[in-house]
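Asks: The listed protein sequences correspond, in order, to chains A and B.
Following our numbering from start to finish, the first sequence increments by one per residue and tops out at 450.
Following our numbering from start to finish, the second sequence increments by one per residue and tops out at 450.
Any given hint could turn out to be false.
No distinction is drawn between identical chains; accordingly, a pair holds when it is met within one copy or between any pair of copies.
Stated by the list, open to error - List time: in silico SDA-like cross-link candidates among lysine to any residue, alpha-carbon distance up to 20 Å:
hint, residue 1, residue 2
1, 135, 75
2, 116, 76
3, 319, 395
4, 397, 256
5, 378, 422
6, 319, 49
7, 73, 149
8, 205, 46
9, 378, 426
10, 218, 95
11, 115, 54
12, 159, 76
13, 109, 97
14, 135, 182
15, 139, 149
The set of hints was computed from the structure by calculation and includes no laboratory data.
Protein chains: 2
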Amino acid sequence: MKQSNLFSKTQKFAPKDEVSKNAQLLIRAAFIHKEMAGVYSFLPLGLRVIEKISKIIEEEMNSIGGVKMKSTALQKKETWEKTNRWDDALVDNWFKTQLKNGTDLGLAFTHEEAFTELMKDYIESHRDLPAYPYDIRDMFRNETRSKSGIMRGREFFWKALYSFSKNKEEHNIFYEKAKEAYQKIFQRVGLGDLTYLTFASGGTFSKFSHEFQTLSEAGEDLIYLDEEKKIAVNREVYSDEILEELGLDKNKLIEKKAIETGNIFTLGTKFSEPAQLIYKDKEGKEQLVFMGSYGIGISRLMGTVVEVFADEKGIVWPESIAPFKVHLINIGVEEEAEKLYEELKEKGIEVFWDDRDKRPGEKFADADLMGMPYRVVISPKTLESNSVELKKRSEDSVEMISQEKLFEILK
Amino acid sequence: MKQSNLFSKTQKFAPKDEVSKNAQLLIRAAFIHKEMAGVYSFLPLGLRVIEKISKIIEEEMNSIGGVKMKSTALQKKETWEKTNRWDDALVDNWFKTQLKNGTDLGLAFTHEEAFTELMKDYIESHRDLPAYPYDIRDMFRNETRSKSGIMRGREFFWKALYSFSKNKEEHNIFYEKAKEAYQKIFQRVGLGDLTYLTFASGGTFSKFSHEFQTLSEAGEDLIYLDEEKKIAVNREVYSDEILEELGLDKNKLIEKKAIETGNIFTLGTKFSEPAQLIYKDKEGKEQLVFMGSYGIGISRLMGTVVEVFADEKGIVWPESIAPFKVHLINIGVEEEAEKLYEELKEKGIEVFWDDRDKRPGEKFADADLMGMPYRVVISPKTLESNSVELKKRSEDSVEMISQEKLFEILK
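Model the full structure from these sequences, guided by the hints.
Replies: Listed below in structure tokens is the structure:
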């Protein structure tokens, strides 16, 4: 893509009321636009990141049997009354609205109830189980304060999968698979080394839930981690008794701030019972479906990546989710630059060409701010030696190489 | 995909309160799930249709310079007060909600105001124009009644592009391109022959807007069409004077019911003026940006396709937007069916295999109801003659052909 075709532009300043690093950088780099506190549009570059993260998540969910669908934001009061989650005194982050005839509706902040109700139309017998529907969509949470940029949006983008199993045994098999799939997702988006499987509070049907906590000073959670074992314990369940149960040595644990980037939860029959989501087993006996939930905040993940990798010059995207692999900058020599741009595209390399008539300093500063993994400069100077200048965003050193070498490296 | 992996299942009956043909069929065929009147989840097969239509629209929008972004549902009161579209007495299809602190918010039913405000951050000079942002997302309309299935949802899926031009001349060039792109979209989704460019009421900045009206008895609009010229006039502007202006002969026009599947509109400075969306021209003089809007309801388009092509047995999908090209049915012979299934997938042919242990009659009825373009049957009988049975959903005749021939036809 040519930068001149992009309607959005980098900004000198983020709005004054924007205190989070992720939103400040993403606004300045023209990845997002602030509509109000906690509500952001995703500009073309930002949407490309969202789409790349979504694709990785989709692939991993499909690989464990997930089937994608598209649920709704609008929610019926009656559905949520069954589980006692409608009343604002009990659930404090609803956005509520009404039909013209006065019927109360809510905007989904999660989807356990909706998916449970929906599956009542499709689950009758043990032959219909297990089932793993998921969806990727906007959700809404009426946060009282919203100061963490896209890490805690009032309107945000997330993936939720719900598992429907015949019993706890069948559930546990999938739960372990989901754990592995989540670890792959964090690896693939570039957060693997910073993200810890974390024991957190469970519910009636399992002692623990599992969070995926990414180390960051911007995190709202406090975890105690064992670096060797690559597991952690959330402060909410941190006790001598629990540590012993998990075989963790208190003296080896390090206290760290972290961002909850994903969580998986054994729901058991907490939702199937009030909704009466029932199947007939092989003996024809009625049984409650055993459920689990598996969430990842996609916009939160994007914000987390910004928080943990950005440097003083701007954003640093991992290659797997960067909007473009290469930021091509020309200093003069438009014709040669265009030729290189076309050749890169032809070879299937995602390239963003700063074809604007701007000072080199401005182009370099924008490239650093926007954070594509590779910067390629073509100028009269590089052409003299029949080469281009290559720099990785995450490194300081600059290389002069031939175009052939460039194609090899970027392939 | 194997049908046994799909959690959703065909239904004998649609809900009693569902009166529209499109929703009745789509619910029975397990493409959508009704949450409440006008609010539908898209099940895996339905989502595949939505994604295929979206992809076609994206390609056509990109080809005329459109750049995709992701806007928000939550809208600020102040933005809409500027254009006098906040008050429920003036705009009657808002869903409204509030932040915890009592701030009024709305759920977007259209995006002129939001895009205009957003572009204020990116448009300063004539060099920033033209610009063509678009997005594809859920929108919300608080319809008093919602009886047309997914053709008039309270929560629906649509594409909107807004054009920002320096002046009317620049606008007109794009407007004509958009008209052509829309015609390509309707061709590609299979509605080309039934869809007419229709003159409808304009506004201050142009006498007419243009609608794309698809002929259907389920339509809410009445149009007068000239079949030869392939253009039509909406009843709202139908008069002797207008016909003369358009060079249409009253005696050649046919009155037809039609569904408004798309519309393009010259907005002029209607939105840029109240928002003060201004650019500096070459002489440094401040000018208002000249705008246009270009909408297509994606879920409505899907519903329209069902309305116009379905027969007494079920849905008939055009190949371009069918969830799968082929519905493979085996009668016994699982092993041979699996082999054929894998081979079709290997050749890049999208195949949906009814691998369930069901009676042939039930499999055939489901295939007709679901409407994939090709049905392929493999059975002991077809294997005897080393062949498979091929039937197009839109035709009655059945062919016995070799697998090699099958691959050739489906390629």
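Asks: Does each hint hold? Answer for all of them.
Replies: A quick look at each hint next to the structure:
no.	hint	result
1	135 to 75	both (18 Å within a copy, 16 Å between copies)
2	116 to 76	between (27 Å within a copy, 14 Å between copies)
3	319 to 395	between (66 Å within a copy, 18 Å between copies)
4	397 to 256	neither (36 Å within a copy, 57 Å between copies)
5	378 to 422	within (13 Å within a copy, 55 Å between copies)
6	319 to 49	between (59 Å within a copy, 19 Å between copies)
7	73 to 149	between (23 Å within a copy, 18 Å between copies)
8	205 to 46	between (52 Å within a copy, 14 Å between copies)
9	378 to 426	within (14 Å within a copy, 52 Å between copies)
10	218 to 95	within (15 Å within a copy, 36 Å between copies)
11	115 to 54	between (37 Å within a copy, 17 Å between copies)
12	159 to 76	between (38 Å within a copy, 18 Å between copies)
13	109 to 97	both (13 Å within a copy, 19 Å between copies)
14	135 to 182	both (13 Å within a copy, 17 Å between copies)
15	139 to 149	between (24 Å within a copy, 18 Å between copies)
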